[in-house]
Amino acid sequence: MPQEEHSAYAYLRHTKKFPNVWCSGCGIGVVMGALIRAVDRMGLSKDDVAVVSGIGCTGRMPVYLDFNTMHTTHGRALAFATGLKLAQPRLKVIVVMGDGDALAIGGNHFIHAARRNIDLTAIIVNNSTYGMTGGQYSPTTPLDLRATTAPYGNIEQPFPVCDLAIAAGASFVARSTVYHAVELDRYIEQAIRKNGFSLVEAVSYCHTTFGRINKLGAAVQMMRQLKDNSVTRTAADKLTSDERAIKIVRGIFCDADKPEYTALYEQVIERAQASVGSNQRVAGGI
Amino acid sequence: MTVKLMQGNEAVAWGALAADCRFFGGYPITPSTEIAEMLSRELPKVGGKFIQMEDEIASLAACIGASVGGLKSMTATSGPGFSLMQEHIGYAAMTEVPCVIVDVQRLGPSTGQPTSPSQGDVMQARWGTHGDHPIIALSPTSVRQAFDLTVAAFNFSERYRTPVILLLDEVIGHMREKVELPDFESVERVERVTTSVPPEWYKPYGDSPSDVPPMSNFGAGYRYHVTGLLHDVAGYPTQRIDEIDPWVERVNRKIERNVGDIVMVEEDNAAARTVVVTYGASARSARHAVKLARQRRCKVGMVTLLTIWPFAEDVIARVSRTAKRIIVPEMNLGQLALEVERVAGRNKVVRVNRANGEMVTPQMILNAIEGK
Numbered sequence: 145m146p147q148e149e150h151s152a153y154a155y156l157r158h159t160k161k162f163p164n165v166w167c168s169g170c171g172i173g174v175v176m177g178a179l180i181r182a183v184d185r186m187g188l189s190k191d192d193v194a195v196v197s198g199i200g201c202t203g204r205m206p207v208y209l210d211f212n213t214m215h216t217t218h219g220r221a222l223a224f225a226t227g228l229k230l231a232q233p234r235l236k237v238i239v240v241m242g243d244g245d246a247l248a249i250g251g252n253h254f255i256h257a258a259r260r261n262i263d264l265t266a267i268i269v270n271n272s273t274y275g276m277t278g279g280q281y282s283p284t285t286p287l288d289l290r291a292t293t294a295p296y297g298n299i300e301q302p303f304p305v306c307d308l309a310i311a312a313g314a315s316f317v318a319r320s321t322v323y324h325a326v327e328l329d330r331y332i333e334q335a336i337r338k339n340g341f342s343l344v345e346a347v348s349y350c351h352t353t354f355g356r357i358n359k360l361g362a363a364v365q366m367m368r369q370l371k372d373n374s375v376t377r378t379a380a381d382k383l384t385s386d387e388r389a390i391k392i393v394r395g396i397f398c399d400a401d402k403p404e405y406t407a408l409y410e411q412v413i414e415r416a417q418a419s420v421g422s423n424q425r426v427a428g429g430i
Numbered sequence: 135m136t137v138k139l140m141q142g143n144e145a146v147a148w149g150a151l152a153a154d155c156r157f158f159g160g161y162p163i164t165p166s167t168e169i170a171e172m173l174s175r176e177l178p179k180v181g182g183k184f185i186q187m188e189d190e191i192a193s194l195a196a197c198i199g200a201s202v203g204g205l206k207s208m209t210a211t212s213g214p215g216f217s218l219m220q221e222h223i224g225y226a227a228m229t230e231v232p233c234v235i236v237d238v239q240r241l242g243p244s245t246g247q248p249t250s251p252s253q254g255d256v257m258q259a260r261w262g263t264h265g266d267h268p269i270i271a272l273s274p275t276s277v278r279q280a281f282d283l284t285v286a287a288f289n290f291s292e293r294y295r296t297p298v299i300l301l302l303d304e305v306i307g308h309m310r311e312k313v314e315l316p317d318f319e320s321v322e323r324v325e326r327v328t329t330s331v332p333p334e335w336y337k338p339y340g341d342s343p344s345d346v347p348p349m350s351n352f353g354a355g356y357r358y359h360v361t362g363l364l365h366d367v368a369g370y371p372t373q374r375i376d377e378i379d380p381w382v383e384r385v386n387r388k389i390e391r392n393v394g395d396i397v398m399v400e401e402d403n404a405a406a407r408t409v410v411v412t413y414g415a416s417a418r419s420a421r422h423a424v425k426l427a428r429q430r431r432c433k434v435g436m437v438t439l440l441t442i443w444p445f446a447e448d449v450i451a452r453v454s455r456t457a458k459r460i461i462v463p464e465m466n467l468g469q470l471a472l473e474v475e476r477v478a479g480r481n482k483v484v485r486v487n488r489a490n491g492e493m494v495t496p497q498m499i500l501n502a503i504e505g506k
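Residue numbers (this note's numbering), protein chains in the order written: chain A, 145 to 430; chain B, 135 to 506.
Certain hints may be false.
As the list claims (entries may be wrong) - Here are the simulated lysine-lysine pairs, DSBU-like style, with alpha carbons at most 30 Å apart:
hint, chain 1, residue 1, chain 2, residue 2
1, A, K236, A, K160
2, B, K425, B, K458
3, A, K359, A, K391
4, B, K506, B, K482
5, A, K160, B, K179
6, B, K458, A, K160
7, B, K506, B, K458
8, B, K179, A, K402
9, A, K161, B, K337
10, B, K482, B, K458
11, A, K371, A, K359
12, B, K179, A, K236
13, B, K179, B, K312
14, A, K236, B, K337
15, B, K179, B, K138
16, A, K161, B, K388
17, B, K337, A, K190
These aren't lab readings, by the way, just hints derived from the structure by calculation.
Just chain A, with the same shape it has in the complex (with noise of 0.2 Å):
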């Protein structure tokens, strides 16, 4: 009998990058396959899909994949993808990044890139720390837990990553965790389709590094840990605000409709070509 091909490896690149960097257990993995599943269920062609990311363990995810993939500086990936897409506005542009990455040193970039509400998909693989660095604190570690540069318990305030996005102005944020990979499937592919910048945030999580370090097991119990402390937004509903601020509540928090950015530089271009003939100045001389 035949052997079924597996419904990701035609679209995995198979000279020389298996197998992967990512550690036995590791969540990034599940954000990848989500990747490629709603790519398909999409029936994109993989000539006009394009993977951008920045550096960290999840900016190591568009190598293996086949599209268009661009692995770009630490937190900038969303200012490369927003050149690209303006150049190549057919091209549906995917930007997968860490949380240190997208709200850290890019933090930048992230709100500014959801504010002009450019056609992008963000991914942001949310393990709250610096994995490939060893388990530094980042901006979603949450208060108290302790990484590698802090011994005596983290005292920032974590960001509501999802919040951010939506006052920040994306059109579609949803949030999910990597136990939940049917959910996030879903959620990614109804991303790629918004037509505006989304955002969606894959809870994960760093039993290498952070994960010893507090204790918080192996990736079994590390994933498990998802699936008990993850409610529907529905049921989040139900609950106290003090029951609800130690959970990670999954759903779609924003699905808005509002004019895209290279629709609207489109219009800008025919707005300038109309000058033109009325201010008599012409490309090809002054």
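Since chain A is already given, all that's left is putting chain B on it; use the hints.
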């Protein structure tokens, strides 16, 4: 041919349009802002894209992204923004993505004196980003040259798949001159070499007789990987020294072997015993000083470097064989002079420096010529 009174920054914007620039990502900063303002008006008329990014880091990132998407791209800034752009000058060098970075130099360090000229970014243009990498930097001495060298900057960046820096100074950027610009259609334009091999054969960083591998734009059907990590011929990260060494050698060689094409100098009696070697706005003072010296029957030559990097080693070596003294005026404490000294020897070089926001005057250079 059109005759018009315009400033250097305007000429840069027209030069970019003549070279088929179709993307500008920038951030406002004195004294370069006019370039952004003009291109925000002119680019959409030709179907190009302008975006004002959130900072200079993002500006160059957007340019590189747009260039990978197939548009000729440029940004413009001044010292403080140029410092922020160093990160992505390195990325563009590493990934071999064409782009043009205009730096209208102002007095530094830090915020310095935003409206005063300087030539203080010569070494930053060469070594501002970390690691060994080749770079091309051009510096005009007039408004017309600002146009021509902008076109040249685009052509070099596309021909050699490299970031190119256009070093203006505040004087050239803001000075108005009557210029005759050529018809844009008559301007020589270089397009990047793309590929037509079957996609599975395409090697974005492969060996090529020119040492410049063909570049496919994203979306053209050649799916490949771009990374700031050291990479193999397919673009995938590597730690193997047998893949890193060839990359380092090729990327540096692609510029070194073409210095004859890239290095542009203007020579005027360069075999004289006293030669002034200069660039940018300082060349204007030098020109006047040389004229005055010749009126006093003093034999003096002048070499103006339009290409700052790669450094015109062969020209300076030739000059130093006949010259007893080489005078290097510049609006800094001696940056290009370091290179001239390296080639000609310290004992021949006379530095004429000013780093207070004022130009080096013709009198200062004349005094040096006359040995005062």
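We went through each hint and held it up to the structure:
Distance restraint check for K236/A and K160/A: the Cα-Cα separation of roughly 26 Å lies within the 30 Å cut-off, and the hinted pair is therefore satisfied. The straight-line distance between the Cα atoms of K425/B and K458/B is roughly 19 Å, inside the 30 Å bound, and the hint therefore holds. Taking the CA atoms of K359/A and K391/A, the gap is about 19 Å. The hint holds against a cut of 30 Å. Distance hint between K506/B and K482/B is fulfilled; the C-alpha atoms sit about 15 Å from each other, no more than 30 Å.
Straight-line distance between C-alpha atoms of K160/A and K179/B comes to about 45 Å, which puts the hinted pair past the 30 Å bound. Of the pairs offered as hints, the one joining K458/B and K160/A is violated, with about 59 Å between alpha carbons and a cut-off of 30 Å exceeded. At most 30 Å may separate the alpha-carbon atoms for a hinted pair to count; K506/B and K458/B meet this at roughly 16 Å. The suggested pairing of K179/B with K402/A holds, with an alpha-carbon distance near 25 Å, which does not exceed 30 Å.
Restraint check for K161/A and K337/B: satisfied, since their Cα atoms lie roughly 16 Å apart, inside the 30 Å limit. Restraint check: the Cα-Cα separation between K482/B and K458/B comes to about 6 Å, which is no more than 30 Å; the hinted pair holds. Restraint check for K371/A and K359/A: satisfied, since their Cα atoms lie roughly 18 Å apart, inside the 30 Å limit. As the CA atoms of K179/B and K236/A are separated by approximately 26 Å, the hinted pair is consistent with the 30 Å bound.
For a cut-off of 30 Å, the pair hint linking K179/B to K312/B stands: about 25 Å separates their Cα positions. Restraint check: the Cα-Cα separation between K236/A and K337/B comes to about 23 Å, which is no more than 30 Å; the hinted pair holds. At most 30 Å may separate the alpha-carbon atoms for a hinted pair to count; K179/B and K138/B meet this at roughly 20 Å. About 28 Å separates the Cα atoms of K161/A and K388/B, which keeps this hinted pair within 30 Å; it holds.
Pair hint K337/B plus K190/A holds up; C-alpha atoms about 18 Å apart against a cutoff of 30 Å.
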